[in-house]
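Visitor: Just so you know, the protein sequences line up as chains A and B, in that order.
Residue numbers are given in this note's numbering: position 110 of the first sequence equals residue 152, and the series is strictly consecutive.
Residue numbers are given in this note's numbering: position 315 of the second sequence equals residue 325, and the series is strictly consecutive.
Derived by calculation from the structure, the hints in this document are not laboratory data.
Here the structure is a predicted model, which means the values were calculated and not measured.
Glycine included, C-beta positions come from ideal geometry on N, C-alpha and C.
Among the clues, some could well be false.
Restricting the straight-line Cα-Cα distance to at most 25 Å, the calculated cross-link-like pairs of lysine to any residue (SDA-like) are [said to hold, decoys possible]:
{"id": "1", "chain 1": "B", "residue 1": "Lys91", "chain 2": "A", "residue 2": "Lys256"}
{"id": "2", "chain 1": "B", "residue 1": "Lys335", "chain 2": "B", "residue 2": "Ile345"}
{"id": "3", "chain 1": "A", "residue 1": "Lys259", "chain 2": "B", "residue 2": "Asp131"}
{"id": "4", "chain 1": "B", "residue 1": "Lys91", "chain 2": "A", "residue 2": "Lys259"}
{"id": "5", "chain 1": "A", "residue 1": "Lys252", "chain 2": "A", "residue 2": "Met233"}
{"id": "6", "chain 1": "A", "residue 1": "Lys259", "chain 2": "B", "residue 2": "Ser147"}
{"id": "7", "chain 1": "A", "residue 1": "Lys179", "chain 2": "B", "residue 2": "Lys91"}
{"id": "8", "chain 1": "B", "residue 1": "Lys134", "chain 2": "A", "residue 2": "Ile176"}
{"id": "9", "chain 1": "B", "residue 1": "Lys176", "chain 2": "A", "residue 2": "Thr175"}
{"id": "10", "chain 1": "A", "residue 1": "Lys179", "chain 2": "B", "residue 2": "Leu157"}
{"id": "11", "chain 1": "A", "residue 1": "Lys259", "chain 2": "B", "residue 2": "Lys149"}
{"id": "12", "chain 1": "A", "residue 1": "Lys256", "chain 2": "A", "residue 2": "Ser153"}
{"id": "13", "chain 1": "A", "residue 1": "Lys97", "chain 2": "A", "residue 2": "Ile177"}
{"id": "14", "chain 1": "B", "residue 1": "Lys134", "chain 2": "B", "residue 2": "Ser155"}
{"id": "15", "chain 1": "B", "residue 1": "Lys91", "chain 2": "A", "residue 2": "Asn160"}
{"id": "16", "chain 1": "A", "residue 1": "Lys256", "chain 2": "B", "residue 2": "Lys95"}
{"id": "17", "chain 1": "A", "residue 1": "Lys252", "chain 2": "B", "residue 2": "Gln156"}
{"id": "18", "chain 1": "B", "residue 1": "Lys91", "chain 2": "A", "residue 2": "Ile182"}
{"id": "19", "chain 1": "B", "residue 1": "Lys226", "chain 2": "B", "residue 2": "Leu70"}
{"id": "20", "chain 1": "A", "residue 1": "Lys179", "chain 2": "B", "residue 2": "Gly47"}
{"id": "21", "chain 1": "B", "residue 1": "Lys311", "chain 2": "B", "residue 2": "Asn289"}
{"id": "22", "chain 1": "B", "residue 1": "Lys72", "chain 2": "A", "residue 2": "Leu156"}
{"id": "23", "chain 1": "B", "residue 1": "Lys200", "chain 2": "B", "residue 2": "Gly47"}
{"id": "24", "chain 1": "A", "residue 1": "Lys186", "chain 2": "B", "residue 2": "Ala130"}
{"id": "25", "chain 1": "B", "residue 1": "Lys95", "chain 2": "A", "residue 2": "Asp87"}
{"id": "26", "chain 1": "B", "residue 1": "Lys226", "chain 2": "B", "residue 2": "Ser246"}
{"id": "27", "chain 1": "B", "residue 1": "Lys72", "chain 2": "B", "residue 2": "Asp22"}
{"id": "28", "chain 1": "B", "residue 1": "Lys72", "chain 2": "B", "residue 2": "Asn83"}
Just some of the chain B residues that point at chain A, by a computed CB distance under 10 Å [claimed, not checked]:
{"id": "29", "residue": "Ile103"}
{"id": "30", "residue": "Leu110"}
{"id": "31", "residue": "Arg169"}
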Amino acid sequence: MLTETMINEIINGTIATLYMTIFSTLFSYLFAFPLGIALVITRKDGLYPLLGVNKVLDAIVNLGRSIPFIILIVVVIPITKLIAGKSYGPTATIVPLVIAAVPFIARLIESSLLEVDNGVIEAAQSMGASIPTIILKVLIPEAKTSLIVGATIATGTIISYSAMAGAVGGGGLGDIAIRYGYIRYQTEVMMVTVILLVIIVQILQIIGMKIATKTDKRIRN
Amino acid sequence: MLAIEPLIQLIDLGKEYISQGATIVALNDINLEIFSGDIFGIIGMSGAGKSTLVRCINFLEKPTTGTVVLDGNDLSLLSEKEIRKLRQNIGMIFQQFNLLMQRNVEDNICFPLEIAGVKADERKKRSQELLEIVGLSDKAKSYPSQLSGGQKQRVAIARALSTNPKILLCDEATSALDPTTTSSILSLLKEINKKLGITIVIITHEMSVVERICDKVAIIDNGELAEQGSVENVFSNPKTDAARKLVYHNNNAVMEMKGKRCIRIVFDGKSSFEPVIANMILECRTQVNILFADTKDIKGKAFGQMVLQLPEDSIQADKIINYLKNNKMIVEELIDYVN
Ligand SMILES: Nc1ncnc2c1ncn2[C@@H]1O[C@H](COP(=O)(O)OP(=O)(O)O)[C@@H](O)[C@H]1O
Ligand SMILES: [Mg+2]
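Produce the complete structure using the sequences and hints provided.
Guide: Below you can see the structure in the form of structure tokens.
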């Protein structure tokens, strides 16, 4: 059975995982939201076409998305040290998590915003709405449901990335699973951490989807 | 004598699109004057350039050549910001209604007022007035997804009118609606024109819409202005090919009867034949050809039989048969009656 120290470690690991996930998601959205919006409005048929800018942003996002996360962690160690002061532990792990998640989330946001009907945008333009007004009052509110679903997916992905960071001393449940389960063959520790990760992701999914459907006014009720 | 200035002037208007290297001339040298209080129809086949034209009126589309003058303002001389300001005084409605799906009816109507910077309590008051005008006072808190097409278009009209515009642009506003709803929306537009004195520009591909409510009409064909004038003049005496094509294509009176299906209907005294046939034509909005009739009117009751040639369109033909059957007529389809 699990010892008391083990249980404490798992509790701390869970807290560390939640801490990494919450802050990584928040910081990622801080960067990804403007990036996603820029990707949408600078398109050829966008509100503010800037083809050159669009191509550059597109390339950066694709590049970021194509680097495997485990390699990215190592590559960005200098940046991590610069920002977090060290390269291991939960706080330091937030840095590569954000770098990996921003391009991914920017794409999610882009595709959500692109779902908004062009006709509605045209209607807003015909009323004399400015570009910022259209973004804030048409694009984002009309894409709300899809954006919430996207955020649910993004958070789930960040949790699994954070677990992966455990392989290089990132802290959290993934770290515990590898240290005890993989290196010391304590299968029951690994099982418990895996179950905890699954439960966290599941709860998140359920809550995210509930909010998405509850707030969607396109559904007749 | 003082000449009346037109409210909308299109001067040598041209619009080209570059698409995959090729240049598409969507509009070519359009000159048009629309006066205050008019209900002006712009009609043309699909792809003729109607939407491009109407989008040029509020500069949603910048013309390649020529310009638009609204109430004395040459739009090509205005800044982006000034144009946005000006658009606040031009309402626009669309075929697909284009309502904000995540906002309720009231908040949709308030949206142009929000853009114009009107205060919240004033917006609310105005939206209630407008809901009354379009007859949807009970739907203020409903969402667009809970409304029918006709109701959505009413909300769109209320929204377009919220800023008290001088001009209302309608791009195929009734094309997604059934005939009855179309009729009620057109009546509403007419009423708005009369009561509020708003100049209405109606873009459509349907003759019936122009006939119903427009005073004047312009025919657009292949990006060019083919003909314009009063509705009676243009429709009764179309001069250009484009006009003739439109007038006759849409006009049932000259529709050829090419259908092969014929039916025999029997009158057994239970009904009076005139209302049955007349109502069927009205209800189904189509024509039939009476090939043979042997009927007697005995004290207002019809006896006898009639052979009708049905329209070629099988949906229309079935509609007629169903209508007659639903009205307790004895209907029998005849094979090879005409060939
Ligand atoms: N944004 C665009 N890019 C390229 N071609 C366009 C664009 N908008 C319209 N067109 C072309 O211009 C012509 C007129 O289109 P439109 O004004 O939409 O016609 P209508 O509304 O009469 O059906 C069509 O040939 C159409 O393909
Ligand atoms: Mg069109």
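Visitor: A separate judgement is required for each hint: does it hold in the structure or not?
Guide: Hints, one by one, checked against the model:
1. B/Lys91 x A/Lys256: 38 Å, violated
2. B/Lys335 x B/Ile345: The given pair, whose Cα atoms are some 18 Å apart, holds under the 25 Å limit.
3. A/Lys259 x B/Asp131: Holds. A/Lys259 to B/Asp131 sits at ~24 Å (cutoff 25 Å).
4. B/Lys91 x A/Lys259: 32 Å, violated
5. A/Lys252 x A/Met233: 28 Å, violated
6. A/Lys259 x B/Ser147: Satisfied, since the Cα-Cα distance of roughly 20 Å is no more than 25 Å.
7. A/Lys179 x B/Lys91: 18 Å, holds
8. B/Lys134 x A/Ile176: 21 Å, holds
9. B/Lys176 x A/Thr175: With a Cα-Cα distance of about 24 Å, the restraint between B/Lys176 and A/Thr175 holds, given a limit of 25 Å.
10. A/Lys179 x B/Leu157: Satisfied, since the Cα-Cα distance of roughly 22 Å is no more than 25 Å.
11. A/Lys259 x B/Lys149: 15 Å, holds
12. A/Lys256 x A/Ser153: Judged against 25 Å, a Cα distance of about 21 Å means the pair holds.
13. A/Lys97 x A/Ile177: 21 Å, holds
14. B/Lys134 x B/Ser155: With a Cα-Cα distance of about 21 Å, the restraint between B/Lys134 and B/Ser155 holds, given a limit of 25 Å.
15. B/Lys91 x A/Asn160: Measuring from Cα to Cα gives roughly 21 Å; hence the hint holds.
16. A/Lys256 x B/Lys95: Not OK: A/Lys256 and B/Lys95 at ~36 Å, beyond 25 Å, violated.
17. A/Lys252 x B/Gln156: 21 Å, holds
18. B/Lys91 x A/Ile182: 23 Å, holds
19. B/Lys226 x B/Leu70: Measuring from Cα to Cα gives roughly 24 Å; hence the hint holds.
20. A/Lys179 x B/Gly47: Violated: A/Lys179 and B/Gly47 sit about 33 Å apart, past 25 Å.
21. B/Lys311 x B/Asn289: Given that 25 Å is the threshold and the Cα spacing comes to 16 Å, the pair holds.
22. B/Lys72 x A/Leu156: Holds, at roughly 24 Å.
23. B/Lys200 x B/Gly47: 11 Å, holds
24. A/Lys186 x B/Ala130: 23 Å, holds
25. B/Lys95 x A/Asp87: Roughly 23 Å separates the two Cα atoms, so the pair holds.
26. B/Lys226 x B/Ser246: OK: B/Lys226 and B/Ser246 at ~13 Å, within 25 Å.
27. B/Lys72 x B/Asp22: 13 Å, holds
28. B/Lys72 x B/Asn83: 15 Å, holds
29. Ile103: Holds, because the Cβ-Cβ distance from B/Ile103 to chain A comes to roughly 9 Å (cut-off 10 Å).
30. Leu110: Holds. Min distance 6 Å.
31. Arg169: 8 Å, holds
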